[in-house]
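First to last, the sequence lines map onto chains B and R.
For the first sequence, position 245 (counting from the first letter as 1) is numbered 245 according to my numbering, and the numbering increases by one without interruption.
Quick note: to get my numbering, add 466 to the position in the second sequence (first position is 1).
No wet-lab data here; the hints were simulated from the structure.
Some clues are possibly wrong.
A short list of chain B residues far from chain R (calculated; beta carbon distances all over 12 Å) [to be verified]:
{"id": "1", "residue": "Val-98"}
{"id": "2", "residue": "Glu-158"}
{"id": "3", "residue": "Arg-211"}
{"id": "4", "residue": "Asn-247"}
{"id": "5", "residue": "Asp-265"}
{"id": "6", "residue": "Thr-380"}
{"id": "7", "residue": "Tyr-409"}
Reference excerpt, derived from the structure (chain R facing chain B, CB under 10 Å, subset only) [what the hints assert, rightly or not]:
{"id": "8", "residue": "Asp-587"}
{"id": "9", "residue": "Val-591"}
{"id": "10", "residue": "Gln-595"}
{"id": "11", "residue": "Trp-640"}
{"id": "12", "residue": "Ala-656"}
The calculated label-pair distances, taken between Cβ atoms and stated as ranges, are [said to hold, decoys possible]:
{"id": "13", "chain 1": "B", "residue 1": "Lys-436", "chain 2": "R", "residue 2": "Leu-527", "range": "20 to 28 Å"}
{"id": "14", "chain 1": "B", "residue 1": "Glu-220", "chain 2": "R", "residue 2": "Ser-545", "range": "43 to 51 Å"}
{"id": "15", "chain 1": "B", "residue 1": "Asn-425", "chain 2": "R", "residue 2": "Phe-694", "range": "35 to 43 Å"}
{"id": "16", "chain 1": "R", "residue 1": "Glu-500", "chain 2": "B", "residue 2": "Lys-74", "range": "47 to 55 Å"}
{"id": "17", "chain 1": "B", "residue 1": "Pro-413", "chain 2": "R", "residue 2": "Leu-511", "range": "17 to 25 Å"}
{"id": "18", "chain 1": "R", "residue 1": "Leu-546", "chain 2": "B", "residue 2": "Lys-436", "range": "42 to 50 Å"}
{"id": "19", "chain 1": "R", "residue 1": "Leu-511", "chain 2": "B", "residue 2": "Asp-446", "range": "56 to 64 Å"}
{"id": "20", "chain 1": "R", "residue 1": "Leu-639", "chain 2": "B", "residue 2": "Glu-288", "range": "28 to 36 Å"}
{"id": "21", "chain 1": "B", "residue 1": "Lys-436", "chain 2": "R", "residue 2": "Gly-642", "range": "17 to 25 Å"}
{"id": "22", "chain 1": "R", "residue 1": "Leu-602", "chain 2": "B", "residue 2": "Tyr-403", "range": "53 to 61 Å"}
{"id": "23", "chain 1": "R", "residue 1": "Glu-500", "chain 2": "B", "residue 2": "Gly-428", "range": "32 to 40 Å"}
{"id": "24", "chain 1": "R", "residue 1": "Phe-694", "chain 2": "B", "residue 2": "Pro-413", "range": "37 to 45 Å"}
All residues carry an ideal CB built from backbone N, CA and C; glycine is no exception.
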Amino acid sequence: MRFLFVFAAVLFLTAPAHAFCGFYVAKADADLFNEASKVVLARHEERTVITMANDYKGDVSEFAIVIPVPTTVKKSQVNIASSKVIDHLDAYSAPRLVEYYDENPCKMAARERFMAAPMAAMSDAVGVPGQASAEALGVTIEESYTVGEYDILILSAEQSDGLLKWLNQEGYKLPKGAKSVLKSYIKQDMKFFVAKVNLKEFDKSGYTYLRPISVAYEHEKFMLPIRLGTLNAKGPQDLILMTITKNGRVEPVNYRTVKIPTGEDIPLFVKDEFGEFYKAMFEQQAKEEDYEAVFLEYAWDMAWCDPCAADPVPPEDLRRLGAWWIEDQGGGPDRPTPRPMPGVAPMIAPAPAPVNAFITRMHVRYTGESFPEDLILQTTDDRENFQGRYVLRHPWTGGAECYAASEYYKSLPERFEREAKTLANLTGWDIGDIRKKMGSGGQPFDIKPVIDDRPWWEQIWQDDQQ
Amino acid sequence: MMSVFSDPRHLQIAVLGSLLCFLIVQNDFAPDLEVVALLIGTSLLTQYVCMKYVGMPVIDLRSGFITSLSLCLLFKAASLWIYPLAAIAAISSKFFIRYENKHLFNPANFAIVAGLIVFPDLVWVSPGQWGSDVWLGFALAGAAAVVLASARRGDISLFFLVFWAALIFGRALWLGDPLSIPLHQFQSGALLIFAFFMISDPKTTPDSRVGRMIFALMTAILAFTLSFGFQVREALFYALFAICVLTPFLDRIFKGPVYKWRLT
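Chain B with its partners taken away, still in its complex shape (with noise of 0.2 Å):
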C-alpha cells in the first residue's frame, strides 16, 4: 500500500510516518517542528507560482502528493526547482539571533555581529497512480507527464465518491473525511495534482533526496490549501509560508496576523540552544492565541536590502522561484534605487543588488478546528519591514576602572533580571532555571568590576610595549 503524502500547503493525506526533519534553528535539534511544511509562493497580478520543499527522507516509492489546484496544469507549467535556492531563502527570512558586545563602559561603542538562525521548515508531497477505470469512475486525467524524477498526473473529477475509489484502486491510502473535502474542491471547480516518485528517474538523476515541486498557473483564486492536510494530523502542524510579491505584505484574509515577538534582549546562553528557544516560545505565543493566528515572522522590501542578511536571495533565485516580474539579469526599469535603512548601520558586506520584490514569511501552527477554512490570501501595500530577531548582550568582561565602570557593573544585574524575566516570559521556561543557567552562561547575578590594576602608564602605553 502506498501512502499518500498530500503535501501541507496543499494536503496531508497520510499521518507523517516518516521521520520529518523539520526546522533547523541555529544549532537547533533536527526534529524541531518536525510536521512542518514549507511553501514558496511568488505572486501578482493572477500569475502564480507554487513552491513545495520537500524534506521526505522515507522510502521514495511511498512518496506521493496531491494538491489541489485551481486549474490544469500543463508539462511546461512544472518545473523541479532547486532545493538550495529555498533553503537559502529560509534561512534568509527567518528568525535570527543577533549579537551585541558591551564596549569598555569608559569608551562607549557598539559592534554588531550577526548570526542568521537558519530554520528549514519542511513539506510533502504526495503521490499518484495510473489510469484504469477512471473514465468510469468519472475521474478524467487531463494531463499526465513526467517532470524530473516526478510522475505527474492532473486530474478532475465529476464525484468524489470516483476520484477517492480510483485514487484506492490505485493503491493510495487517504485518511478518514477525505471524500467530503475532495467533494468540496471539485464542486468549487479545483483540479487535483497528484505527483509520485518515477524510480528509474529518480535513480538516473544521481540525487539522494526528492527536489522541490514548483508550479505555475494563472488564475484569480489566491489561497493555500490546508485542509486535507489538516484531516489526520495527530496534532497541530507547522506551515512556514514565504510569499514572494511586487507590492507588499501577504497576508490572510480569514484569520489573524500576529507578529512574533521580536527585539527582546535575552540571556546569553540561549546562543547554544536558540532551537529549542524558538520553538518554546512559538508554542508559547501559539498557545496564547488558541492556534488560531497566522505568525508575521518577516517582511521586507528587497528594494532597501536587509542590513542584516549579509546573503541575500539574489534576484535570479527568486526569479526562478516565480517572481516573474524582475528582470533577467538585473537592471532595468523595475529596479529600484536602495534607500538605508533608518536607524539601522549600514553594512559592511557588499552591498546586495535591490529587488522589486516584497518577501513575507508566515508561520502557522494549525489543527482542523483552530483552522476549518483554507488560507484565503491577498497581496497589501504595506511595505512595512519587520523581522523576528533576538537580541544577545555580552557584558563587557575586560578592565574598567572610571565612575562610568562602577554605574556599569551595577546595572548588570538588574539588566541580566530583565533578560532572565523577558525569556521567562516568552517561552514559559522556569524563571529560576534561567537564573541558573545564566549563572553558568557568562551572567552571575553577583558580577563583579573588573578592576584594571596595572599602572596607569602600562594601560596607555599597552599596545606599544610588545
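Mind docking chain R on chain B? Use the hints.
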C-alpha cells in the same frame, strides 16, 4: 445613563471607540495614533467646514466622528497623506453627493471604495484582524447600538446578516463543507462593522421596510458573487457602494417615512 444615550449616536461612538481602543492595545496591525489623529481630526474639520458651507443652523460633529472611527478600523494606506484625503472624501460625499435630500453613499464606505479605486497600489482593507473572542462582544454591542441608533431602520442590519448567513451557509451545504467553515467566515469583524455601522446608515437606506429588505438582499447577493465568484476581497464595500445608487429608485417604488436624527 439615559441622557448620555438619548442620542443614539453616542452609543455608536462608544461601541466603535471601545473597539478601536481595544485594537490599539491588543493588535499588532492596529492603526498608529497619528493615523487615528489624522482621520478623526480631518473628519471633524471637514464636517465643520461643510456644515458652515451649506449653512446648517446647528453644527453637529457626531456623525463625522462615527465615520472617522469606522475608517480607523477598516481603512489602511501605505502613505500617511492618504488618510486625510480619505476623511475629506468621506465627509464631503455626504454634503455633495446627494439625491432628494439624502446623501447617496455611506461616507466611510464611499472613502474605502474611492481609495481602492483611485490608489489601488496604496490602499487596502484588512478584514481578518479580529479574533473570535472579540467578535462576540462586538456583535452584541454592535447589535445594541444599531437597534437603539436607527430605531426601526436597524432592521436592515438584521436583514443583511440573515441573507449573508443564508448565502454562506447555503454554499457550505452545497459544497458539503462542515458548518465550522461558514461559521468561521461569519466571525469577521469587518463584516460586523459593515452590517452595524455602514449598511445601517439611516440616511442612505430606503425609507420603507420592504425597500430595505430588497436593498439588503441585493447587497448580500452582489457581495457574495464578487467574493466567491470573482475573488474580490473587498466585496462587501463594493457591493454596498453599487447598491446605494439604487436607493432613490427603491424609495420611489416603496414609500416610507424619511429619517431624521432625534434631537437631543
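These are the hints, each one checked on the structure:
no.: 1; hint: Val-98; verdict: holds, 21 Å
no.: 2; hint: Glu-158; verdict: holds, 14 Å
no.: 3; hint: Arg-211; verdict: holds, 31 Å
no.: 4; hint: Asn-247; verdict: violated, 6 Å
no.: 5; hint: Asp-265; verdict: holds, 20 Å
no.: 6; hint: Thr-380; verdict: violated, 5 Å
no.: 7; hint: Tyr-409; verdict: holds, 37 Å
no.: 8; hint: Asp-587; verdict: holds, 6 Å
no.: 9; hint: Val-591; verdict: holds, 9 Å
no.: 10; hint: Gln-595; verdict: holds, 6 Å
no.: 11; hint: Trp-640; verdict: holds, 7 Å
no.: 12; hint: Ala-656; verdict: holds, 9 Å
no.: 13; hint: B:Lys-436 with R:Leu-527: 20 to 28 Å; verdict: violated, 60 Å
no.: 14; hint: B:Glu-220 with R:Ser-545: 43 to 51 Å; verdict: violated, 27 Å
no.: 15; hint: B:Asn-425 with R:Phe-694: 35 to 43 Å; verdict: holds, 42 Å
no.: 16; hint: R:Glu-500 with B:Lys-74: 47 to 55 Å; verdict: holds, 50 Å
no.: 17; hint: B:Pro-413 with R:Leu-511: 17 to 25 Å; verdict: violated, 52 Å
no.: 18; hint: R:Leu-546 with B:Lys-436: 42 to 50 Å; verdict: holds, 48 Å
no.: 19; hint: R:Leu-511 with B:Asp-446: 56 to 64 Å; verdict: holds, 60 Å
no.: 20; hint: R:Leu-639 with B:Glu-288: 28 to 36 Å; verdict: holds, 34 Å
no.: 21; hint: B:Lys-436 with R:Gly-642: 17 to 25 Å; verdict: violated, 55 Å
no.: 22; hint: R:Leu-602 with B:Tyr-403: 53 to 61 Å; verdict: holds, 58 Å
no.: 23; hint: R:Glu-500 with B:Gly-428: 32 to 40 Å; verdict: holds, 35 Å
no.: 24; hint: R:Phe-694 with B:Pro-413: 37 to 45 Å; verdict: violated, 59 Å
This entry does not satisfy hints 4, 6, 13, 14, 17, 21 and 24, going by the numbered hints stated previously.
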